[in-house]
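Q: Work out the full structure: start from the sequences and follow the hints.
In the order they appear, the protein sequences are chains A and B.
Residue 1 is where the first sequence starts when you use the numbering used here, and the numbers rise one by one after that.
Residue 125 is where the second sequence starts when you use the numbering used here, and the numbers rise one by one after that.
Mixed in with the good hints, there may be bad ones.
These stretches of chain A come out as covered by chain B in the derived footprint (C-beta under 8 angstroms, 3 or more residues) [what the hints assert, rightly or not]:
| no. | region |
| --- | --- |
| 1 | 24-32 |
| 2 | 46-53 |
| 3 | 76-85 |
Which stretches of chain B does chain A cover? Using the computed rule of at least three CB atoms under 8 angstroms from a CB of chain A, they are [stated by the list, open to error]:
| no. | region |
| --- | --- |
| 4 | 141-149 |
| 5 | 168-180 |
| 6 | 194-205 |
In short, the hints are calculated from the structure, not lab data.
We put the beta carbon where it would ideally sit given N, CA and C, even for glycine.
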Amino acid sequence: MKDKRPVYLDFGTIRMPITAWTSITHRITGVILFFGMAVLLWALDTSLGSAEGWNAVADCLSGVLAKLVIWGIVTALIYHSLAGIKHLVMDFGVGESMEGGVRGARLVVAGTVVLALLAGAWIW
Amino acid sequence: MVRAVTSFGRSGLSDWLVQRVSGVILLAYFICIGGTLLSGVDYEGWHAMFQLTSMRIFTLLALLSLAAHAWIGMWSVSTDYLTERMLGERGNLLRLAFQIACALLIFVYVIWGIQILWG
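A: Shown next as structure tokens:
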């Protein structure tokens, strides 16, 4: 690793292909999930504590804001999972070409939209 | 020459493998939890499920996988963006602060999870 090599990384002028967008989104959803895990652990803690706790979590999740937060976390989880599965598939040498990469990225986005809508329908 | 002193396994190849194994474990766990919730479980069923030793072990495995997975992920992100090249001198300080905060949060998650399971 030579640190002194020049680097050109001006995100303002670089046109990112879909593969780059899905890659950065994989990272963003990972960061969201890392902090969102606090919400999930709170829900697990409270819901397992007592029947009142279970009802309290259910009550909380009847609010619009809470539903949006949970839907956001679930959608991030769906996207991160699908993108992760794509990584595993590519590790086995499948879809490593430029066309394969674009196709994989589109599949991840399409799969996320479908599953996120289903998750949204289930939450509401 | 070891440069990556803060990476999880001190080796990119090791981190690569740990990231995949922990990812598969987490995927299996979330599918298990998702399936349970979709089945319309009530408090009794939910509570009983987490009384099972097998479920507690699975949950602990998922928690430890999360710790490794999150560290490797947060490390990758912070060493790419919170750097001297991207942010100047303060990049190094910011990265270190961010990594310490992440390590602390991971520690809290693991202890909290154990408390939930066996507290």
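Q: Which of the listed hints are broken here?
A: No hint contradicted; all consistent.
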